[in-house]
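As a plain string of letters, each chain reads:
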Amino acid sequence: MLDSLSGLLFGFKITFQPENLFFCFAGCFVGTLIGVLPGIGPSGALAILLPATFYLSPSTAVIMLAGIYYGAMYGGSTTSILINIPGEAASVVTCLDGYQMARQGRAGPALGIAAIGSFIAGTSGVIGLMFLAPPLANFALKFSSPEYAAIIICGLILVSYLGSGSILKAFIMGALGLLLGTIGSDPIDRLDRFTFGSFYLLEGLGLIPIIMGLFGISEILINLEEEEFRGILQEKIKNLFPNVRDWIASTWPILRGTLIGFFVGIIPGGNTIISATMSYAVEKRVSKHPEKFGTGAIEGVAGPESANNSSITGSFIPLLSLGIPTNAVMALLLASLMIHGVSPGPLLISQHPEIFWSVIASMYIGNLMLLALNLPLIGLWVKLLKVPYAYLFPFIFLFCLLGTYSLRNTVFDIGVMILFGLVGYLMRKFAYEPAPFILAFILGPMFEEHFRRSLIMSYGSFTVFFVRPISLVFMLAAILLLLSSLVPWMKRKKGAFDP
Amino acid sequence: MGMGPWNAPGPGFFPVLIGSILCLLAVAFLIQSTYGQERVPKKVTFWKEKTSWKKVTYSLLALIFYLFVLNDLGFITTTFLFLFFVFRFVGKKRWPSSFLVAILASAITFLVFKTALEVPLPKGIFKIG
Amino acid sequence: MKRFFSKWTAVGVALVIGATLPAHLWGQEKFPKETITILFGWGTGGTADLLLRGLADVMQKDLKVPVVVENKPGGGGVLSWGLLQSAKADGYTIVYVSNSVVLETYKTKGKIDYKNFEPILMLNSAPMAITVHVESPWKTIGEFIEYARANPGKVRVGNSGMGAIFHIFALSVEKKAGVKFTHVPFKAGSECGTALLGKHIEATAPNPGDMSASLATGKLRLLATSGDKRDAFFPDVPTFKESGIDLAMEIWRGVAAPKGTPVERISILEKAFMRAMEQPRSQELLKKLMLANNSLPTAEFRKVYYGEAEKAIPILMALEK
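Chains A, B and C are the protein sequences, given in the same order. Reminder that position 405 of the first sequence reads as 405 in this note's numbering, one-by-one numbering, no gaps. To convert, count from 1 in the second sequence and add 499; that's this note's numbering. To convert, count from 1 in the third sequence and add 628; that's this note's numbering.
There could be a bad hint or two in this list.
[What the hints assert, rightly or not] Subject to a maximum C-alpha distance of 20 Å in a straight line, what follows is the list of computed PhoX-like cross-link-like pairs (lysine-lysine):
1) Lys553(B) x Lys429(A)
2) Lys827(C) x Lys142(A)
3) Lys767(C) x Lys847(C)
Derived by calculation from the structure, the hints in this document are not laboratory data.
Based on the sequences and whatever the hints tell you, model everything.
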C-alpha cells in the first residue's frame, strides 16, 4: 500500500513537469476532438499520431497517447447525445437514450452525467490499476508461453462475440485475419511465409497501415458517398447540470458501470464497446422501469459512459504488467512503448518505474483535465461539428498518408494502407465487421508463437496447457466461453423443431 | 515449408490449418446464403447516391497517385498536388481556394514534421523536402 | 470568368512546381552535407539500437548534419541489409552489421551477401554466456555440462532466434561438450531473461548485455563466458577455455556502407564514429549497456568482418543435419 502511494507521488512529480503536463493536455484535447469528430476513432487516431511521438520520451509519449484514448471516450459521447452520431464506436450505446434526452431538451443533464460518470469511473479505474498492477506484476513472472497461449485462446473466442451481425461473417473475418497474420517470417523458425521475396513483408503486413486503411480511409470513402454530409446543429444547450433526481438515479449505474468496464477491460478481447453494451444490458435488467430505456432514461447514459471509461484503465493492466495488449488500441500503445525501447512486462514496474507511475499519475490528471474540458467547452466542440466535411476530409487523408509513411519511410506501407482502405470500404458495403479481422490479425501470430514455443518447452507434450495451474484456469475459461457462445445457436435449432 | 509432427508444428502448420478453416467457413457461408432462414434483405443499392462513385474513385486515384509519385517528386510537391486535386475535384471547392489551402497546408505540414518532429521526408528530384 | 481562373491557377501550379527546383545547383559537394541515415535491422530498444542512437546524437553535433537511426525491422536484419544493398554508395546511408550478416549470407543463399558491404568500424564486441538461475543446482559450467550429458534434451536453453548467433553459440557448446540441449527460441534476448527468471527454462545463451534487465534483479548466475579472456564486467566468471571447453566466440557489432562507397567518405565516417565513442556521454552509455569499450577502426574491423565467414559458416553447415 505504502509502496503504491510512494510510487504515485513519484509519478506525480514526473507528471507535473511542464513537458508532460503539456502533452497530457494535448493528448486529452486531441482525443476529445477525435471523439467528437465522427470518422476516425481512437485506434485510428493513435495510429496516425503514433509516429509523431517517436521524438518524445517514452513516458511523455505514453502519457499523451493514453490521454488521447480516454479523451476520445469523453468526446465520443458529445456527438452521440447531440446529433445521434456516435463519435466513436463505443458511444453507439449512448445514442440510444442520450439523444432522446437531448430531444426532450435535456441535453445538458445528459452531457453532464456522461462527463461526470466518466470521470468517476476513470478515476476509480486508475485506483484499481494502481493497486492491482504491482502485485500482478510479481505474479506475472509465473506467466510464460503456455499461459499466454491459453489467454490468447480466450481472446480469440471472445473476438467472435464481437460481430454484431452474422456470427459466420465474424468468423470468416477472423479467419482472414489469422491468415494474413501468417505473412512474414514465422515466429519460431524464422522462415519466410508468403513474402514473395519482398523484404518489406518480412515482418508481415504492417498493423498500422492496415488499421489506418481499414478504419480511417474506408470511413472517409463511405462518408464521401453522401452529397451533403453532416447535419447542422440547431439548438442551444440549456442548463448543463443534472438535477438531484438525475443524480440519485445515476449513482448505481455509474458504480455498476465502473466495475463492469474495469473487469471487462482486463480480459483480452474485452474493449469499450463490450463494456458499454454490457452495462446498458445490465442497467435495463435491474431497472424498475425498463420500458423507459430508449426514451431518455438517464441510467442508459450514466452506466455505459462510465463503463467505457473504466474499461480503458482496466485494459492497461495486462499491457503494463504482462505486456499483453487486450485490444487494438492497447496493441498500438504496446507498439509505441516498444518503439521507445520499453518492453512492458513483469519487469516494467521495477525497471521503468518512472514510466509506470507517471502514466498512472497522468491518468488522474488527465481525467481532471477532461472534466474541465468537456463541461464548459461543449459550445466550442459543437461549433466544430459545423465545419463542412468537405474541408475536413482531405486533411484526414493527408494525416493518414504522412503517418503511415513515417513508420518505416517507405511507400510500401502507404500501398498497404490504400489497399486496405479499399478493402474496408467494400467490407462495410457488404456488412462485414472489421473488428474481428484486426483482432485475429494481431492475436493470431501471438498465439502461434506461444503455442509452438510451449510445445518446445514441454518437450512436445500437449498436457502442458492443462498441468500448469494458471494456464489451466484460462483453458477452462476458454472452453466455457466457447460453450456459452454455442448455446444461443443451439437454442435456435431447438426452437426450429418445436411445433 | 514443413508442417512438422503434431507435437512440434512447423512453419507450414498454421497457414494450412487456417486455410482449411477458411474453406470450411466459406462452404458454410454458401450453404447458409442459399438455404438459410434469414429473411430476404430489402433491396439496397450499392451506391448511396448516383454520383457517389465519382468522389470515391477520384479519392482512390489521388491516393494511388500520391503513393507512386512521392519518392520522385518529393514531399512538398506531391502533397501540394494531392491536396489541390482532392479539394478541387472531390471536395468541389473553387480553384483559388483549393490552390491556396493546398499550398498553405503542404508548407505548414512540412515545417511541422521536418522541424518540430524531425521526421525525414522524401526529397525527390526537386531536392526540396 | 471560370476560364480566367483556370488559366491563372495553371500558372500558379506551374510556378509552385518550378519554385521547387534543384537546390543542389548551389553549394559544393562537401561530405557530409545532408542527413546521414543509419539503418538498423531490428526494432528499437535493444542494446545496439540504444548505442547507435546515443552515438548518432553526438555525431550530429560533430558533423553538423542530422544523423538519424531508421529502424527497419525485418527478418532479423535482412530487411536493412537488403535495403543497403540497393542504396547509393555515397556514404549517406550506412547500416548496422553484426555476425548475423555473415550468417544470413549463408541462409539466404547469397541474396544478402556480406561481401556487398564495406566495413567502416567495429563498435563493440562481446562474449556470450551460459546463464542460469541463482537457485538452480549448478554452480559451475562443469556441473551444468555433466547434468546435460546425463539428461540429453532435457536442458532448455533460450536464444533470441533460430539460426541467429546465440543459437549458433549454443549449438557450438553442444558440439564441443558433447551434449544435447533443447533450444527454445524467443523474440529477443530480454525475453530469454524473463523466462529464465520465471524458471521456465534452464539456461540462456545470449550475451549478458541483452539481458541486463533481468541480470539487474540479481537472480541470475553466469556460468561461463565465451571470450578469449574473462569479460571485464564479470571478472569472477571463468571462460569456456578455462573450464576445459575449447570454445571462443564473440558477437561483434559494427557499421558498414555499400560496396563502392568512396574511401575518403568511409574514413570521414570512421573518424566521426571514433570521436563519438570517446565522448564521456558515450562512455557512460557503454557502461550502462554493459558494453566493453573495444571498438576497432576500419583496418582491423575488416579482418574480423571477413574472417567471420571462415569461422561461422562451417559451423552452420556442419550443424545443418
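For each hint, the structure was consulted:
no.	hint	verdict
1	Lys553(B) x Lys429(A)	holds (16 Å)
2	Lys827(C) x Lys142(A)	holds (8 Å)
3	Lys767(C) x Lys847(C)	holds (13 Å)
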